[in-house]
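*Asks:* Turn these sequences into a full structure, and let the hints guide you.
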Amino acid sequence: MNKSTNNSTLSAKPLVSISIITYNHKDFIVDAIESVLMQEVNFEYEIIIGDDFSNDGTQDILKDYEQRYPDKIQLILHPRDYDCIPGRINNITNLYACRGKYIAMLDGDDSWLSTDKLQKQVNFLEENEDFAVSFHDMMLYYQNGTIVKHSSKIAHYDQGKTVFTYKDVLSGWFIQTSSLLFRNHRIGEFPDWFWEIYSADYAIQLLAARHGKLKYFPDLFAKRNYHPQSFTATQNTTQTHLQRRKKELIFFEKYFPGYKAYQDYGQGKNRLKDALRNLKEKQLSHFPGNLTGSLVHLGKFVFNKDFSILEKVEIIDVDFIKKWKKKS
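Positions 1 to 328 (our numbering) are the ones given, in order, by the sequence shown.
One thing to keep in mind: the hints can contain errors.
[Claimed, not checked] For lysine-lysine, the following BS3-like pairs were computed, each having C-alpha atoms within a straight-line distance of at most 25 angstroms: (1) 247 to 260; (2) 213 to 260; (3) 213 to 101; (4) 63 to 26; (5) 282 to 149; (6) 273 to 215; (7) 223 to 26; (8) 149 to 273; (9) 223 to 153; (10) 167 to 247; (11) 282 to 153; (12) 167 to 213; (13) 167 to 254; (14) 215 to 120; (15) 167 to 273; (16) 101 to 120; (17) 153 to 280; (18) 246 to 223; (19) 13 to 63; (20) 149 to 161; (21) 246 to 161; (22) 153 to 215; (23) 149 to 63; (24) 273 to 161; (25) 260 to 153; (26) 13 to 149; (27) 167 to 149.
Simulated from the structure, these hints should not be mistaken for lab results.
*Replies:* Now the structure itself:
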């Protein structure tokens with residue numbers, strides 16, 4: 001299936017495994033790897049890099065790094081394209097190869113910015129057994145030169161929360177993959193449906209969040225690069241993508257009870273946030289669509305038959321009543 005270098009000089013007992021997946025990232029992969037190597041930590045770690053048959057010179061860069069850091073880097077070089085969702089085998093193979101107590105994820109076109117990011121996240125999980133995941137804010141770099149905080153775009157962060165739960169994750173995607181650190185071995189074998197969905201990283205978050213709380217660090221510990229060759233950019237507009245998204249929703253609704261109601265509530269909040277920003281920034285052409293979208297999702301949430309009125313109030317409590325209690 002794949003070619004592993006089977007590096008026998010790797011640390012025998014790494015506390016953390018960093019999983020990097022890459023495909024044609026020659027312009028970004030050096031920054032990604034160097035941002036891991038610059039981490040100042042007091043524990044052993046390994047770097048598992050899976051390459052999905054790059055043809056732009058990325059593999060040459062990876063082989064050079066493995067020769068220079070044989071005690072830290074293991075390569076898994078996939079010899080061909082697979083007849084499945086792009087990157088899926090690469091992602092799963094990498095995660096199964098991780099031996100650490102914790103797994104940190106990093107996309108090959110992203111990079112970490114802080115030298116103590118990994119140590120801070122690990123310290124927290126080591127000291128708090130009831131938490132399964134830690135993550136942080138990131139800077140988003142767009143092709144047109146725009147740079148924004150990820151947290152500024154997502155309603156989940158509006159109230160200054162630093163502790164999230166499985167229910168928060170159900171309400172919508174808000175965690176950047178390259179900020180994620182989670183406890184290994186709790187997820188177990190990936191279910192069969194995992195091979196058929198589009199949003200693998202979000203599914204990993206859902207699976208991990210069922211085993212404990214999530215700690216958020218508001219620090220800007222990493223950057224994400226948006227570019228035309230990224231997986232998101234190349235896949236989001238295809239007909240196959242839309243079909244997979246429909247199938248994905250069916251799986252999520254089946255295996256994660258309450259998913260639909262939480263999704264409608266979360267998307268309704270985010271669209272309302274966008275509508276209010278449109279008003280503030282006088283982007284009136286976008287305002288009607290965002291306001292209408294917000295009302296549609298919130299309406300679906302209110303009239304959802306799977307939840308009682310009290311259960312719906314409890315979902316809203318997470319955002320509003322808890323904030324009110326903090327101030328009082």
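*Asks:* Which numbered hints turn out to be false for this structure?
*Replies:* 18, 21, 23, 26
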